[in-house]
Amino acid sequence: MLWNLSIYFRMLSFQLRSQMQFRTSFWLDLFSTGFGNLVYVFSAALVIQRFGSIAGWSLGEVAFLIGMIEVSFAVMDMLFSGFDYDYFAAVVREGRFDQVMLRPVGLTWQVLGSRFLLRRLGRVFEGLFVLAFAFTQLDLTWTVGKILYLPVVLASQVLMFGALFIIGSTITFWTLQSIEAINIFTYGGNELMSYPMQIYPSWMQRFFTYIIPFIFLNFYPALYILDKPDPLHFPPYAPFIAPMVALSFFAVALWFWRLGINHYQSSGT
Amino acid sequence: MTNYRISVFLHLFRLAFQQQLTYRAAILAGLATNFFFALLRVAVLVALYGDQPEVNGLTLQDSITFVAVSQALIAFLFLFGAYDLMNTVYTGSIGSDLLRPLHLYTFWMARGLGRSLVNLIFRGLLLIAGFALVYPIVVPTRLDQVLAVILALALGWLVNFGWQFLVNLSAFWTPDARGIGRIAFTISQFLSGFIMPLRLYPDWFANLCRLTPFPAVVNTPVEVYLGVLTGRDLWLALFNQIVWALLFALICALVLRAGVRRLVIQGG
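Chains as they are written, first to last, in my numbering: chain L, 1 to 269; chain H, 270 to 537.
Here chain H stands alone, though its shape is the one from the complex (with noise of 0.2 Å):
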């Protein structure tokens, strides 16, 4: 049973794959849109430094490597937001989805891992090749350092996966949930400093981001990608990330089934 669930979720995680792909036009344009924002984030970045050679453990490499990778992240992380899952419970096609032989959390979790590795190889690492053709930017070297970069990546998806499921499960209770979830996806933007590097936040502000699971989504992942959490705080900070992973799984396994218990679904 469990063989057959794990070949259902690779088999859909392959669907939606080769289906991102198709979207070569859409993915050039995109490319193109973040690369020049990344300019223009630098170009600020470099302006406030001035001559200063570091603030607050970040060099001004460091600062605009965080711009490169974090404007990389964004088709990745879907840091916009998501709305395919509300969608379905106002159309009622989740009717048919809450058939299938897969947890609706795995179900969209394998669709979306899948688009998120296509747009994670084409627009992340070609926006962040192309960019160290225009700044030197850092890149990890040490094996060991790839590897925790990329589990604070994958862990980090999944935090954002779970908050942004949880927002969409509004649905269930109002027929708002697309302006809520414009004002909730502004906020995880913000606090997980996607729009500023964390550390260049005044501290009482950073501080509070960190009581919040969003710097687990963008600002962790950069920051284990520049090498500047390294020893405990590395692990600490991994921690953090799995924690939050998990509490999100379970309140939105919680609030998925009090939502289905209401969910009435019009034939037709």
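Excised from the complex, chain L in its bound form (with noise of 0.2 Å):
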């Protein structure tokens, strides 16, 4: 374990040392990669001050939602840049995996290592300014309880996009390119739960809770950081258990990613 650590954080220097080599490149994206999504948001706040509110949430509530979600997905989006399936699915179609196992070194740790794209940390400040936005907006009662929850949830989020990210990635031992449709669960999870949940169709609601649960990660953590009423009449503890989802979720996907490598022949490229 130390040693793949150690490894992993020797492979992160080299690739920031890479990254900063252009340097206007880099500062370019970086912008751009925070640009392109302040953008969505930006949009989103013209319209609800057009209307007032969404389904009895103020401007300052949903910027709580999406700085949120955006902080969390930018972070995964860093560190998990290695398991982006579009990315990892050439890496196994070029036979390029090969290599990989072929070192002593665990391949999760190889494949976190390999990519890391501190470009996307562009999306973290937007996410950031997003959130602290909401505060600005919002006359929050902090408690300790909350204070120490909160870090908790962003990082249950962390985990739960990282787990889609590599399900999406093992799915590409077997399809060899990668699959569009897993967007709909990962940027689409990360548009799903920018709002408030009980604006979506019933069907959608209990996917999103009995399926892949989304609906514990943002809005029942909100609702207690925000001392929202439920409008959903789910149990008192349901704004606590995003840790234990996020958890379970990303323990099935590793499980998925061992099938995955048993299961895995070269492309022979």
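Check the hints yourself; a few may be wrong.
Said to hold, decoys possible - Each pair of labels, with its calculated beta carbon distance range: (1) PHE207(L) with LEU279(H): 44 to 50 Å; (2) TRP174(L) with LEU516(H): 47 to 53 Å; (3) PRO235(L) with GLU323(H): 38 to 44 Å.
Unchecked claim - Partial list, derived from the structure: chain L residues whose beta carbon lies under 8 Å from chain H: (4) THR24; (5) GLY36; (6) ALA45; (7) VAL47; (8) ALA55; (9) ILE179; (10) LEU192; (11) PRO201; (12) TRP203.
Think of the hints as simulated: they come from the structure by calculation, not from any bench.
On a predicted model such as this, the values are computed, not experimentally measured, just so you know.
C-beta atoms are modelled at their ideal positions from N, C-alpha and C, and glycine is treated no differently.
Make the complex out of the two chains shown on their own, each in a separate frame, by following the hints.
In structure tokens:
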């Protein structure tokens, strides 16, 4: 484990050094990544302003939902760049995964360390900016519980999205190309969790409660932190199961990943 | 000579059409994603409308249709950006493209049109048809309205093509054209009304958008589709599209000439 970690950090330092070689490109990419996502938030803010609120949620409250999910998605997108399935599909297709398997380092760590896109920090900044905006709009009563729980929620969201990236990459062992439909759960999940869940049709709410339990990762924790009543009447512990949900989802993803590796046959390229 | 050019254009168009048709699995997967995002956006609009029947000339049904049609146009317009031309500048293959009997602008137009038409039929029409099963959406029925929609779509495509071509030409001057493209295409997506119908923005912002060429790409064709633009407004909107399409073609021709003059291609 320690050996794996030290290799992982060594791989990261190579990545960072090489990415900083082209300074202008780097800053331009950093900016465009943040800007691209900010535009969507700005657009939503303008429209919510025209209408006043959405399903009883003020602009500040929606900004809180968006800010949380943007920060965690962006952190995940950076940490799990190696599991970005569009990229990983190419690794499998070109037979580069063979090299990974020949090295005496844990496979998961190698894939994680193989790619770390620092430019995705641009989106982290964007998310923090939206979150900061939310806090200026909201008059929150902070308690010790809330302050302690907030980072736990963010970490759970990172794990949840990371699990989906791992699942998306594992599927490419069989398909050899990235299946765009998984975007529904990753990028779509990010969009879905940007708004209060009661706005969605009931079949969608059920799907994202029982099959992919996104509802517990952003919406319920937000109800607790913003002190809002639950319109869906879930049990009172619903806001607090985010870490359990994320950890079990991540465990399933890792199990599937191992299954995929055992089934892996080189593409022979 | 003109006849010859037209036949080359049509040939390129046909090739691109057939090439795009081979990616059937990708078309279906893209369709599913666009469909899901359309469902999410519609949920947001339904919640925003609450019990208001109409906002700034758009009924809830209009707004739902707006979302479905704009999602249907993503692949037709390559709304998330096109980077093919700049890659030919970086790889040097633009050298042989410049030797072709067609102007580079019409050469790429033929290829783009072929791919876009496949996307319009198989991703656009299918998405709208599928969406009509879930939500009651507006469908244009009068013949003149259908013709106006086709015209507005074609003109919107031309405006967008000119804009994307121009952004790609930046590759002649900088190695960072990709980054520039990402920012430029984000701006055009936003101001075109793709993210939200322009009428739902505060008026000051919508008016600001209308000073730019971008509403001609998405907002105008969709409003023509909905039938909210009629009579004089309709003619003005179409005229506005024509002006931007011609202006972009002219600017692209001038910028291309300046770019080619400084182009150096390594042999090898």
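Hints versus structure:
Against the hinted window of 44 to 50 Å, the Cβ-Cβ separation of PHE207(L) and LEU279(H) comes to about 47 Å, which satisfies the hint. Range check, TRP174(L) to LEU516(H): about 50 Å between beta-carbon atoms, so the 47 to 53 Å window is met. Taken as a hint, the range 38 to 44 Å holds for the pair PRO235(L) and GLU323(H), whose Cβ atoms sit roughly 40 Å apart. Proximity of THR24(L) to chain H holds as hinted, the smallest CB-CB distance being about 6 Å (cut-off 8 Å).
Using the Cβ-Cβ criterion of 8 Å, the hint placing GLY36(L) at the interface with chain H is satisfied: the shortest such distance is roughly 5 Å. Taken as an interface hint, ALA45(L) does not check out: its beta carbon lies about 10 Å from the nearest beta carbon of chain H, beyond 8 Å. This hint holds: VAL47(L) has a C-beta 5 Å from the nearest C-beta of chain H, less than the 8 Å allowed. Nearest Cβ of chain H to the Cβ of ALA55(L): about 4 Å, under the 8 Å cut. The hint holds.
With a cut of 8 Å, the hint placing ILE179(L) at the interface with chain H holds, because the nearest CB-to-CB distance is about 6 Å. Because the closest C-beta pair between LEU192(L) and chain H is about 6 Å apart, less than 8 Å, the hint holds. Residue-level restraint check for PRO201(L) holds (minimum Cβ-Cβ distance to chain H is 7 Å; threshold 8 Å). For the restraint placing TRP203(L) at the interface with chain H, the shortest Cβ-Cβ distance is roughly 10 Å, beyond the 8 Å limit, so the hint is violated.
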